Amino acid sequence: WKGKKIVLFSVPGAFTPTCHANHLPPYIEKYDEFKAKGVDAIAVVAANDAFVLSGWGRFEGVQDKLLMLSDTDAKWSESMGLSVDLSAVGFGTRTARYAMIIDDLVVKYVELEPAKGVTVSGADAVLSKL
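What the sequence shown shows, in the working numbering, is residues 1 to 130, in sequence order.
Please note that the accuracy of each hint is not assured.
What the hints assert, rightly or not - List of simulated lysine to aspartate or glutamate pairs, EDC-like, C-alpha gap at most 20 angstroms:
#	residue 1	residue 2
1	K65	D124
2	K37	D64
3	K35	E78
4	K5	E29
5	K108	E33
6	K35	D85
7	K4	D104
8	K75	D49
9	K4	D49
10	K75	E111
11	K37	D104
12	K65	D40
13	K129	D49
14	K65	D103
15	K4	E60
Since the hints were made in silico from the structure, they are not lab data. Keep in mind it's a predicted model, so treat the numbers as computed, not measured.
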């Protein structure tokens, strides 16, 4: 992603209620707004395998608008302190709900959701930081 402006956001899991209804769809809907602000690519990371993410992308009509990236065991997210332990509800360690703006390989914005729901990692919040 050298020389590129990337928006990357993370969800704990594909098809989960908040991720499926409130987090992913606004990024698809506002794709043109991101492009107008110079974003080269939008990527979503989740603790699911590539097959699940591919299915979720097809179901949501992502087409070529978003990259669907798998952090299956959440190790990448965990290495940045951006994972969440959901073992109490049987999900194990997952990617937390967060967003970042990466410009020419430098992280310019990163926010981890402070509670349930989508605020600082949502499409509108990230658009306001571009």
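Status of each hint after checking the structure:
1. K65 x D124: holds (17 angstroms)
2. K37 x D64: holds (18 angstroms)
3. K35 x E78: violated (29 angstroms)
4. K5 x E29: holds (19 angstroms)
5. K108 x E33: holds (19 angstroms)
6. K35 x D85: violated (34 angstroms)
7. K4 x D104: holds (5 angstroms)
8. K75 x D49: holds (13 angstroms)
9. K4 x D49: violated (26 angstroms)
10. K75 x E111: holds (18 angstroms)
11. K37 x D104: Roughly 15 angstroms separates the two Cα atoms, so the pair holds.
12. K65 x D40: Holds, at roughly 10 angstroms.
13. K129 x D49: violated (30 angstroms)
14. K65 x D103: The hint holds at about 18 angstroms.
15. K4 x E60: violated (25 angstroms)
Hints 3, 6, 9, 13, 15 from the list above are not met by this structure, while the remaining hints are.
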